[in-house]
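Novice: So the sequences go chain by chain: A and B. Start counting the first sequence at 0; every next residue gets the next number (numbering that gives the first Met the number 0). Start counting the second sequence at 0; every next residue gets the next number (numbering that gives the first Met the number 0).
Calculated directly from the structure, the hints in this document are not laboratory data. Beta carbons: idealized from backbone N, C-alpha and C, even for Gly.
A few chain B residues facing chain A, derived, Cβ under 8 angstroms:
1. 61
2. 63
3. 64
4. 65
5. 169
6. 173
7. 258
8. 278
9. 280
What follows is a list of derived Cβ distance ranges for each label pair:
10. 423(A) - 159(B): 37 to 45 angstroms
11. 124(B) - 59(A): 45 to 53 angstroms
12. 144(B) - 71(A): 34 to 42 angstroms
13. 48(B) - 63(A): 45 to 53 angstroms
Simulated pairs of lysine to any residue, SDA-like, Cα-Cα distance not exceeding 20 angstroms:
14. 435(A) - 278(B)
15. 435(A) - 73(B)
16. 291(A) - 60(A)
17. 123(B) - 196(B)
18. 435(A) - 80(B)
19. 273(A) - 157(B)
20. 435(A) - 65(B)
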Amino acid sequence: MAAPTHRRRLIVRVAVTFVLMLGSAGCASADLSTGTGPPVEGSGDAGPPVTIQYWNGFTGGDGPYMRAMVDEFNQTHQNITVESNTLGWTDFYQRIVAAVHAGQGPDVAAMQLDNLATQAARSVIVPMEGAITEMGFTAEDFPQTLVEATEFNGHLWGVPLDSHTIASYANIDLLAKAGVTEQASSGTAFESELGALQGAGVATPFWMPNQWPAHLMFLSLLWQNGGEPYSADGLTATYNSPEGVEALTWMVDQVKQGVSPTGVAKDSQYLAFKNGENAVTWDGIWQINDLKDTAPNLNWSLAPIPTVFGTPAAWANSHQLVMLSQRSPDPTAQQASKTFIKWMIEHSQDWAGAGMIPAYNAARDSTEFESMPQSALAAEVENFHYMPSVPGIGDVNAQTLELAVSEAILGRLTPQAALDQQAARADAILASNAEKFATNQG
Amino acid sequence: MTTTTTSVGAPTAPSGTEAWDEERAARKDTREGWLFCAPYLVLFVVFVIFPAVWGLWISLHRYDFTLPNKPFIGLENYTSLIDGSSPWASVFWESLRNTLLFSVLSVPLLLVLPLAIAMVLNQKFAGRNLFRAVYFAPYVLGVAVIAVLWRYLLDTNVGLLNYYLGRNIPWLTDVPEAWVSIVGVTVWWTLGFNCAIYLAALQGVPRSLYEAAAMDGANRWQEFRNVTLPGIRSVLVFIVSTTIISSMNMFGQSYLMTAGGPGNETRTAIMQISDTGLRQFDSGMGSAMSMIFMFFLLIISGSVFWLTNRDSDEKPKKKSKARATA
Numbered sequence: 000m001a002a003p004t005h006r007r008r009l010i011v012r013v014a015v016t017f018v019l020m021l022g023s024a025g026c027a028s029a030d031l032s033t034g035t036g037p038p039v040e041g042s043g044d045a046g047p048p049v050t051i052q053y054w055n056g057f058t059g060g061d062g063p064y065m066r067a068m069v070d071e072f073n074q075t076h077q078n079i080t081v082e083s084n085t086l087g088w089t090d091f092y093q094r095i096v097a098a099v100h101a102g103q104g105p106d107v108a109a110m111q112l113d114n115l116a117t118q119a120a121r122s123v124i125v126p127m128e129g130a131i132t133e134m135g136f137t138a139e140d141f142p143q144t145l146v147e148a149t150e151f152n153g154h155l156w157g158v159p160l161d162s163h164t165i166a167s168y169a170n171i172d173l174l175a176k177a178g179v180t181e182q183a184s185s186g187t188a189f190e191s192e193l194g195a196l197q198g199a200g201v202a203t204p205f206w207m208p209n210q211w212p213a214h215l216m217f218l219s220l221l222w223q224n225g226g227e228p229y230s231a232d233g234l235t236a237t238y239n240s241p242e243g244v245e246a247l248t249w250m251v252d253q254v255k256q257g258v259s260p261t262g263v264a265k266d267s268q269y270l271a272f273k274n275g276e277n278a279v280t281w282d283g284i285w286q287i288n289d290l291k292d293t294a295p296n297l298n299w300s301l302a303p304i305p306t307v308f309g310t311p312a313a314w315a316n317s318h319q320l321v322m323l324s325q326r327s328p329d330p331t332a333q334q335a336s337k338t339f340i341k342w343m344i345e346h347s348q349d350w351a352g353a354g355m356i357p358a359y360n361a362a363r364d365s366t367e368f369e370s371m372p373q374s375a376l377a378a379e380v381e382n383f384h385y386m387p388s389v390p391g392i393g394d395v396n397a398q399t400l401e402l403a404v405s406e407a408i409l410g411r412l413t414p415q416a417a418l419d420q421q422a423a424r425a426d427a428i429l430a431s432n433a434e435k436f437a438t439n440q441g
Numbered sequence: 000m001t002t003t004t005t006s007v008g009a010p011t012a013p014s015g016t017e018a019w020d021e022e023r024a025a026r027k028d029t030r031e032g033w034l035f036c037a038p039y040l041v042l043f044v045v046f047v048i049f050p051a052v053w054g055l056w057i058s059l060h061r062y063d064f065t066l067p068n069k070p071f072i073g074l075e076n077y078t079s080l081i082d083g084s085s086p087w088a089s090v091f092w093e094s095l096r097n098t099l100l101f102s103v104l105s106v107p108l109l110l111v112l113p114l115a116i117a118m119v120l121n122q123k124f125a126g127r128n129l130f131r132a133v134y135f136a137p138y139v140l141g142v143a144v145i146a147v148l149w150r151y152l153l154d155t156n157v158g159l160l161n162y163y164l165g166r167n168i169p170w171l172t173d174v175p176e177a178w179v180s181i182v183g184v185t186v187w188w189t190l191g192f193n194c195a196i197y198l199a200a201l202q203g204v205p206r207s208l209y210e211a212a213a214m215d216g217a218n219r220w221q222e223f224r225n226v227t228l229p230g231i232r233s234v235l236v237f238i239v240s241t242t243i244i245s246s247m248n249m250f251g252q253s254y255l256m257t258a259g260g261p262g263n264e265t266r267t268a269i270m271q272i273s274d275t276g277l278r279q280f281d282s283g284m285g286s287a288m289s290m291i292f293m294f295f296l297l298i299i300s301g302s303v304f305w306l307t308n309r310d311s312d313e314k315p316k317k318k319s320k321a322r323a324t325a
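Please build the complete structure, drawing on both the sequences and the hints.
Specialist: See below:
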């Protein structure tokens, strides 16, 4: 007789434990403080000793430059120690979101601009306009387009460290063989440049990728053509506009006209560039150090991508220094964080070594920066276009736009059909995102 | 059971413990058993049962753990996937279809090829151990390594394979070529594991049975059909189930080699679920996808068990009788 009652009691106990676990797990994201703490006093290094955590994703050729800057900061600041944690961008946001909501987030992080709205909507990062003023920065210290892009919901969410864009890399030796001395800056000039290269024996001088960075090329051309990828309210995809179709058609035509081989697989356009199999490739300026390291004998130049359509424009993104929401904020750590961010921005000419364009105007005007290959693009800064500040926009891009570009370039769908199909899906995702994030505002 | 009781008090009074044991068996007192299982059961409940039940619960919500509002929406995640009104529906079903296609293509190869190789490696010849190691070698490499390696070899324009073939076959950027590549690489990569298990099983088949078969005048096929296959039967069942399950869980190869492309043609179910649940934090939808995926997995594994256990009903009965007498 004893056994059944015992078992029943056991079942009840298990059930109660279950409910308790469910409850505690459900409350995991309790109140997070979204302030940046009291203003910094004096040099910012006068307070009690404090250690702050700094997370970033600089695992590539940019890593050593970031480490050197953090080391220098630590050496010049007696009372502040910055512990740097480098995670890699692929799962950076997954981890930092989870850490912040578990109350284990860092004090400072570097994030990409196109992620700020998403992280703001998820209460991962805090409004920074107050802190920016305390640091002594004004909107005039940075390119205007970049400051505007940092805004979301009436707040500024990060301090711009750099801009990075896509640019045109060219093999100088092959260009010389074709009698070209300078990279083309217009669409027609680019066409004749490619023709000359083919004449000089480079059968396929410009390879058209179907994956990364194909969508960045498409976005740049779309903006050049006067189009916009998304409507201003972030509720509709507009990349299937006539401007978008024209831009994608130009890309597909490179394959059709034989300037590019068909079915260029992931990264092959870049590999082929390093091997001298093609002569021109468009890629991110963050590849500069990789190219220097892995193809030391290659003689190359960097220029803005040619203006194929009406207006000069190029896709760009920006690394931003942000402060994270805290469960139990520590004013000393918050002051130290602001001191650290201020110092990093003021020393961002050192960051240019990583292949980036410093966002801080003074750093961009420095002599150190002028010696960098990417300084060729500095004059273009006001032509850079950034993704609109819409929560979840990065995923929408990855799930729809990238797919449309890929399908069209592989010749599986016409540009019009590919863009229409994915724009319809994007609209559905944008609507569900808007609903999801809107019900959670305030 | 016998070993545990002997360790408690057997050395001095074996007959006494036996009587005690019988009495307890009559009362169906299994507390001791539960106690011994407890360490495992705790882990099992916390890390398997609880997450599964919680996942089911999450799938009934619009659940994003970073947002304060997680409304209960009943079966909406499921119905919107099934009636196609969710923007993820078409991609999800396509990814399920791709996963199934991959399994149908790779499982037969992963069952037959390793068996053939194991039978050859089971013969006596010079350099046998070298070959055994060679076939197993790729298996010790991680998926990231083999994927990057083969991406270079299979590249349409700069790859070694096309260079030797003198053609431009889009191994990774078009279908069906991409499936040929992914299935081929998977077979090359995991063949060694099945091969090693087959080999162990083959070595366990008694020599005398082959001798008897030879005396009965069996030819090679009859020998294989009537001695080898029945001899490795239980191992075969194990290999069939694990191969099917690991094929259904395929992720790394297509994630790293084709990034799910061209289009979404090689996107697998696991890829879609992790994208939805872990990258977009749409845990509700992601969990609903997992539940639907699990449903299909259960059907497939269930039918494998049913098919393989159909004509071996005798064995379990014998076993339980043996346990009762012990």
